[in-house]
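S.K.: The primary structure of each chain is shown beneath.
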Amino acid sequence: MVKDEKVTIAHGAGGREMWEVISKLIVAKVPEGLRRTKGGIGIDELDDGAVIRIGDKYIVVTVDSYTVKPLKFPGGDLGVLAASGTINDLLMMGAKPVAIEDAVLVEEGTGMDLVREIMNSFIRVVTEEGLALIGGDFKVMPKGSLDTMVITSVGIGITDRPIADSELGTGDDIIVTGPIAEHGATIIAAQLGMLDNIKGLRSDVKPLTNVMLPLIEKFGDYIHAARDPTRGGVASILNEWASAIGKTIIIRREDIPIEESTRNFLDMLGIDSLQVASEGLAVLGVDHEVADDVVKYLRSIGQVQANIIGRVVEPPSDVVKGRVLAETEVGGLVFVDTVSVLVPRIC
Amino acid sequence: MNRSTDTYRGLIDKITKEYSKSLVAKIRKLAEQLKNVVKIMDFCGTHEWTITHYGIRTLIPDEVELIAGPGCPVCVTPAYYVDQLISLSLEGIEVLTYGDAVRLPASAGHTPRSLLEAKAGGGRVHIVYSFMDAVKYAKTRSNEMVFFAIGFETTMPSVASVIMKGKVPKNLSVLTAYRYTPPIVKHLLTEVGAVQLDGIIAPGHVSAVIGASSWEFIPKEYGVPTVVAGFEAIDVLAAIEKILEMKVRGKAGLINEYSRVVQWDGNKLAKQAIFEVFEVRDAYWRGIGFVRESGGFFKDKFKEHDAIREYGLKDPPADLSKEVVPGCKCHEVVLGLSKPTHCPLFMKVCRPDSPYGPCMVSVEGTCRIWAEHPEFLRLEEIKSVGAALKDLE
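Which chain is which? The protein sequence lines are B and C, in order.
Heads up, the first sequence is in the numbering used here, so the first residue is 1 and it goes up one at a time.
Heads up, the second sequence is in the numbering used here, so the first residue is 348 and it goes up one at a time.
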C-alpha cells in the first residue's frame with residue numbers, strides 16, 4: 001500500500017497538510033539565520049506578511065497567488081479577490097498599504113474580454129485605495145497547462161508597529177469584524193451550480209482599509225493579533241494562534257456572526273462554517289480591557305455584526321494546550337479543528 | 348458583549364439553549380436512577396451528524412452510550428452492483444447516479460475501483476441530483492442509460508411515482524438497490540447477538556414516509572424503548588430523555604417526538620406508490636449478509652424499466668466473498684459492533700478525500716462523520732477538561 005506520495009488539493013487548502021508541506025519542503029531547508037532579516041518577521045512565523053526593519057520603521061511585504069473557480073461570482077471576481085487579498089494581508093500586519101505589483105498567468109485561448117474585465121477589477125480596487133501599481137508580469141501558458149487565469153500579487157506597506165501575532169496571550173478576547181464564511185459559501189454554491197436556487201449568497205470580498213487603519217490608529221498597542229480568515233476559515237487561524245502560543249482558545253458558537261443564508265446553505269451541505277473562507281473579514285486578538293470598546297467602535301464605523309466570539313485561556317490540561325474548543329449552541333463542547341478539504345455531498 | 352436576542356435567530360438560539368439545558372438536567376437525573384450503562388442506537392447518519400456537531404456526547408452522562416446505526420444507504424449498498432455498473436459503463440451504457448455513489452468502492456481487488464475511476468478510464472458515468480434530473484437528462488439524448496437507485500424508503504417514492512405516471516423515456520432503465528429500514532432493525536435485534544440495545548432513536552425522514560407505526564414492533568416484540576426523532580439538537584436530546592424515562596419506568600413504548608413532520612401512518616400516497624411499483628424480497632446488505640424481506644425490486648408489471656432484467660445482471664452473484672474490502676470494518680460500524688476508531692485504516696488509508704471503505708463515502712456514513720468531527724476521537728479528554736474550562740469563564 002506504500003505509494004509514491006502525490007500532491008493533493010489538501011496540500012494547498014490552508015489546513016494541517018499545507019503547513020506540514022511548507023515546513024518540510026521550504027522552511028526546514030532554509031538556514032535558521034536566513035529565515036528573516038535582522039529585527040524583522042520572516043518565513044517561519046507563517047503570518048500574513050514578512051516584516052523588514054529599516055531604522056525605526058518597518059516595511060511589510062506580502063505575496064499571494066490567487067485562483068478561483070468560477071472567475072466571476074456574486075460580489076466580485078478574480079481581480080477584486082487578488083487586489084483585496086493583498087491589501088488585507090498588509091493591513092493584518094498593521095501596515096498602511098503603499099504599493100502593489102502583479103504577475104498574471106493566462107491560459108492560451110482565454111477570451112480577451114474576460115481577461116480585460118478581471119484586470120479592470122484589479123486596477124479599480126488598487127486605484128480606489130490610492131495605491132501605486134509599480135510593476136508586474138504577464139505570461140501566457142499553452143492551452144491545457146493552466147486553468148484559465150492566475151494572478152500573483154505582491155503588496156508593500158509601511159508601519160511603525162507591526163502586529164506580530166505572537167503578542168497574543170492569556171485573557172485576550174477574540175473578535176471578528178463581521179459575519180463569517182460568506183466568500184467560501186458563495187464559491188461552493190457556484191461550483192455546485194446551486195447559485196440560482198440559493199438566495200442571498202454573496203462574497204464579502206473587499207479591502208478592509210477603512211476598518212483596520214482607524215482601528216489601529218485608535219487602539220494601537222491593544223491589538224495583539226490580526227488575521228484575515230481566507231483558506232481554512234476562522235478555525236484555521238485560531239488553531240495556528242493557539243498552537244503558536246501554547247494556550248487554549250475557547251469560543252462560543254452562538255456568538256459568531258453569520259448571515260442566515262450562509263448558515264442555512266452550509267448546514268444543508270453539512271459543512272462547518274468555521275472552516276469556510278472569508279475575503280473581507282478580520283479576526284482580532286485584543287486586550288480584554290478594551291474588547292467591548294473595540295466592538296462598539298467597529299459597530300459605529302459600519303461593522304454592525306462585529307462581536308467578541310471567544311477568549312484565550314491558560315490550558316487547564318495538556319490535552320487542550322494549543323487547541324481550540326467551542327461551546328456548542330446547546331452547551332456541548334467540541335474541538336474546533338482544521339479540515340483541509342470540504343467535501344459536500346455532490347462532487 | 349453578547350449578541351442581541353431581538354433577531355429571530357437570536358431568539359431561537361436562546362430558546363434552544365434554555366430548552367436543551369432543561370433536557371440535559373432531566374437526562375442526568377434519570378441516569379442516576381439507572382443500574383447499568385444504557386446503550387442507545389441512533390439509526391440515521393443525520394442523527395449522528397447532529398450528535399457530533401453539537402457535542403451531545405459531552406453533555407450526557409457516561410452511563411448513556413450513543414451508538415451510530417445503519418442509517419446510511421450508500422454504506423450498505425452491495426459492491427456487486429458497482430462492479431456490474433462499471434462493466435456497463437465501459438461497454439458504453441451510460442450510468443447515472445448521485446455524487447456520493449460514484450465514489451462508492453467496488454468489490455475487493457476490482458479495477459477500476461469505483462464508477463468515478465471508470466469515468467476517468469473512459470467509462471460513461473454522469474452525476475445527477477435526483478431521479479427527475481436523470482429523466483430530464485435521458486429525454487434529451489438517445490443513448491442507453493441506467494439510473495443507479497440507492498436509498499431507503501425516503502427516496503423510493505420519487506422513482507415509483509414517476510414510473511407509475513409512465514414518464515420514463517425508453518432509453519433509461521433503473522437498477523434498484525433499494526433497502527427497507529425496519530427489516531435491518533429486526534435483523535440487528537435478532538441475528539446480531541453482540542449488540543444489546545436499550546433504546547433506539549428511529550429515523551425521522553424515513554418515518555415521514557412509512558409512518559411512526561412501522562416501529563411499533565421494536566417495543567412490542569423486543570421490549571426496546573423507541574423514539575422517532577427529528578434532526579435538531581433538541582430533538583435528539585428529547586429522544587434520549589424519553590428513552591431513559593421509559594427505561595427507568597421499566598416500560599418500553601414507541602414515542603413520536605417528530606410529530607411536526609411524521610404522522611402515525613406516514614404518507615399514504617408515497618407508501619402506495621412504493622407498494623404499487625416494488626415487491627419485497629430478501630436482499631443482501633454489503634458485508635452484513637442477507638436480510639429477510641429487506642429489498643425493493645420491480646414488480647413484473649414494471650419489468651421494462653428494470654436494469655437487472657434488461658442487462659441480465661446478477662443480484663446476487665454467486666461469489667459474495669469480495670464485498671468487504673480487506674481491513675475495512677464498515678459493515679461492523681454500520682451495526683454498531685465497531686467504532687471507526689477501532690479500524691486501523693481510519694484516517695490513514697481511508698480518508699474523506701480518498702475513501703477506501705463505503706462508510707467514508709457518504710456524508711451519512713459514520714466514518715465520514717467521525718473524520719470530520721475529530722473532537723470525537725478525544726471524547727474522554729474533552730469531557731475531562733470541560734468542567735475546568737467552565738470555571739475559567
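Treat the hints as calculated values from the structure; they're not laboratory data.
Yeah, the Cβ is synthetic: ideal placement off N, Cα and C, and Gly gets one too.
Be a bit skeptical, because a hint or two may be false.
Unchecked claim - Here are some of the chain C residues that sit facing chain B, going by a computed Cβ distance under 7 Å:
1) 381
2) 401
3) 409
4) 501
5) 726
6) 729
Claimed, not checked - Listing some non-contacts, in silico: residues in chain B with all C-beta distances to chain C over 12 Å:
7) 9
8) 116
9) 269
10) 325
11) 337
S.K.: If you test the structure against every hint from before, which numbers come out violated?
M.R.: Going through the list in order, the structure violates hints 1, 3, 4, 5, 7, 9, 10, 11 and respects the others.
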